[in-house]
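J.: Produce the complete structure using the sequences and hints provided.
The opening residue of the sequence shown carries number 126 in the numbering used here; numbering runs sequentially from there.
Keep in mind that the hints were calculated from the coordinates and are not lab data.
Derived DEER-like restraints, expressed as beta-carbon distance ranges:
| no. | residue 1 | residue 2 | range |
| --- | --- | --- | --- |
| 1 | Thr180 | Ala226 | 32 to 40 angstroms |
| 2 | His134 | Thr183 | 27 to 35 angstroms |
| 3 | Thr183 | Ala160 | 13 to 21 angstroms |
| 4 | Gln200 | Lys145 | 14 to 22 angstroms |
Derived pair list, reagent style BS3-like, types lysine-lysine, alpha-carbon separation capped at 25 angstroms:
| no. | residue 1 | residue 2 |
| --- | --- | --- |
| 5 | Lys127 | Lys193 |
| 6 | Lys145 | Lys193 |
| 7 | Lys127 | Lys217 |
| 8 | Lys221 | Lys127 |
| 9 | Lys193 | Lys217 |
| 10 | Lys127 | Lys216 |
| 11 | Lys193 | Lys216 |
| 12 | Lys221 | Lys193 |
Just so you know, these numbers come straight off a predicted model, no measurement behind them.
In this text, a Cβ means the ideal position worked out from N, Cα and C, and glycines have one as well.
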Amino acid sequence: MKPIRYEDHTLFTEARLHLKDEIYMADRMIIDTCAPHTKLSLKKGKELGLTDGMTEMTFASFSIGPLKVSEFTIQFEDLESDGIVGLDFLKKTGAKINLDAMTISSSRT
126 MKPIRYEDHT
136 LFTEARLHLK
146 DEIYMADRMI
156 IDTCAPHTKL
166 SLKKGKELGL
176 TDGMTEMTFA
186 SFSIGPLKVS
196 EFTIQFEDLE
206 SDGIVGLDFL
216 KKTGAKINLD
226 AMTISSSRT
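T.: Shown next, in the form of structure tokens:
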């Protein structure tokens, strides 16, 4: 179970990105059940080594608390937040969003 935050009419959480034996954090990930794909900001991409012409990266893993997907490809876009957690990740992990408790967890446990 991972806490989520409600700020400015938006749900946020933190994510861990595992890339080339390094762990990176994305602190302001928007949870968007209407977004088909998970995306990261171009700014976060630059921190991860994104170069001109690259539009996506495949991570060894992408996780939010106990929710984890291995070999997960994420696209980059010009965003104000660190990124967007989309349905591709939420469905693969069986994510359950509890707005009373303000948590995200797996429905499979």
